[in-house]
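Enquirer: Sequence:
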Amino acid sequence: MISKSFLKSSFIYSVAGALPMLSGIILLPFYADLLSFGQYVALGYYISIAMFFQILFSYSIESFFGVKYTQLSNDPDLQRKFVGTVANILLIIGPILLLIITLTGPYLFSAIFSENIQVSFWPFGFLSVLTAFFNSYFKTCTHTFIYFNKPELFLGFNLSNFFLTIIFSLAGLYMFPQTIIGPMYGRLFSGVLIFFMSLWFFYRNSGFEFEKQFLKEIHKFCIPFVIYVTSTWIFNYIDRMFLQSYIPEESLAAYDLILKCFLGVEFLQNGLMAAIFPKIFKIWNDSGKQETTQESNRYFNVFTVVNIIILIGFCIAAPFVYYLFIHKTEYYQSFDYLGLIAAGYATRSILNFYIASLLYSKNIWLLAKTFAIGAIFQVIITYFMVKEFGLNGALFGGIITKIIQVLLMVALRSKEFSYKFNAIKIFGLPFIYMIANVLIYFALPNYSVWIYIIQFLLFFVVLYLIFNSEIKAVYKQFSNKREI
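Numbers given in our numbering equal positions in the sequence shown, counted from 1, plus 595.
Derived by calculation from the structure, the hints in this document are not laboratory data.
Treat the hints with caution; some may be incorrect.
[Said to hold, decoys possible] Simulated crosslink set (EDC-like; lysine to aspartate or glutamate; CA at most 20 angstroms straight-line):
| no. | residue 1 | residue 2 |
| --- | --- | --- |
| 1 | K884 | E1011 |
| 2 | K807 | E1011 |
| 3 | K745 | E657 |
| 4 | K663 | E806 |
| 5 | K734 | E747 |
| 6 | K982 | E710 |
| 7 | K855 | E845 |
| 8 | K663 | E812 |
| 9 | K1010 | E845 |
| 10 | K1015 | D881 |
| 11 | K855 | E844 |
| 12 | K811 | E657 |
| 13 | K745 | D672 |
| 14 | K923 | E845 |
[Unchecked claim] Here are the simulated distance ranges between beta carbons:
| no. | residue 1 | residue 2 | range |
| --- | --- | --- | --- |
| 15 | E983 | F915 | 29 to 39 angstroms |
| 16 | K807 | A766 | 40 to 50 angstroms |
| 17 | F805 | H922 | 46 to 56 angstroms |
All C-beta atoms in this analysis are idealised placements derived from N, C-alpha and C, irrespective of residue type, glycine included.
Between the sequences and the hints, there should be enough to build the whole structure, so can you do that?
Expert: Right under this line is the structure:
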């Protein structure tokens, strides 16, 4: 039987881990209503800059932490030194990067951002980078709580960050109306406080001891992982970098807002992925072979089903949420291309199919290579399509890039792994959904909720008929009463 402590801690980690994303989503309606379109766009760029530098400051070391810390479980003294080494590495990387960006930032910002966009390095660009350092340190610190088996502390730290960010940001929005002072300093002040909380925890659990022997392993894992995560940032943000000179501010603001709303979809996708990956890895481990099986494929098939249903449901629900919380009608123009954005998210099930095998075979460099090449295609394709077609260029460039990303995954897949699967179930249905949404965009360009209600009913019936047995089998697997 599944233990109550396992269920409790899993629930805490899932909910608390989503709080940073949730705080951003909660603040979106306030940003949209209380800021001008230009200010909203500028704030979006500053946040994207912070997300980029957070990747660099963290060195993706939080992804490696659990692997090494678990390996050292028989030596508490080495575990403590490893924690101290991680804390020190981040404190070394931070000031070095901050110095570099302080010297180069003004030149980079003037080269990247159009004069029409209210974005500059001083002061808010620098504040974004500084906030990224504080947040990266905090993120790595809270990740250690999982392996220290401290779910309550994990929840407490993340709740503190959640409320501090919202309170400071909203207070600033109303104290300094029609400026981005509130959101920028709100994120900074909360970042400072959570940084010192993290310093305290690292000191209590490591004494900031440093051990050189860990450096080689850390670099071996983290360098390719940084490339991989940076590539995902490019996939998510590069289109808005190019759009700044080609569409009006209100259109860019509307586009940015709807993309940020899709973070909710990403959260559900990531949660589902986190639930099924351990099951899949166990199946492959028990088989003793590096190959997909009928049982493991069921999980990917169910992911396909759930993902498509979530995407259609989002296209139905998003406008109603807008009507409740967003009062500037200029933001409603994004409804017309909801389906196109959702189409790009349909490939997530295919990508996860191959990402799982790369992670299982520990082929991190191949994962990084695949995403890096895809990111290069993204930059080139998006640049020329935006220049030629504006917003439509960004929308269709994103879809083309997603297709190329899938093709790269297939072409560069792990040669150590054997893939056996039903092509219709893994590839066919996501692409059918994608093609359907593209055709809808051309045939019925104006949003109507009835289009997606009908689409929901049709796909629900088709998916149920095709995947009925898999859904029941996976549900039974998760429902088995066994101790974990």
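Enquirer: Give a verdict on every hint.
Expert: To see whether the hints hold, each was checked on the structure:
1. K884 / E1011: Holds. K884 to E1011 sits at ~10 angstroms (cutoff 20 angstroms).
2. K807 / E1011: At roughly 32 angstroms apart (the allowed maximum being 20 angstroms), E1011 and K807 break the hint.
3. K745 / E657: OK: K745 and E657 at ~16 angstroms, within 20 angstroms.
4. K663 / E806: Holds, at about 13 angstroms.
5. K734 / E747: Satisfied, since the Cα-Cα distance of roughly 16 angstroms is no more than 20 angstroms.
6. K982 / E710: holds, 17 angstroms
7. K855 / E845: At roughly 15 angstroms apart (the allowed maximum being 20 angstroms), E845 and K855 satisfy the hint.
8. K663 / E812: Roughly 9 angstroms separates the two Cα atoms, so the pair holds.
9. K1010 / E845: Not satisfied, since the Cα-Cα distance of roughly 47 angstroms exceeds 20 angstroms.
10. K1015 / D881: The hint holds at about 17 angstroms.
11. K855 / E844: holds, 16 angstroms
12. K811 / E657: holds, 16 angstroms
13. K745 / D672: Answer holds: K745 to D672 is near 19 angstroms, not above 20 angstroms.
14. K923 / E845: holds, 10 angstroms
15. E983 / F915: 29 to 39 angstroms: At 34 angstroms between Cβs, range holds.
16. K807 / A766: 40 to 50 angstroms: holds, 45 angstroms
17. F805 / H922: 46 to 56 angstroms: holds, 53 angstroms
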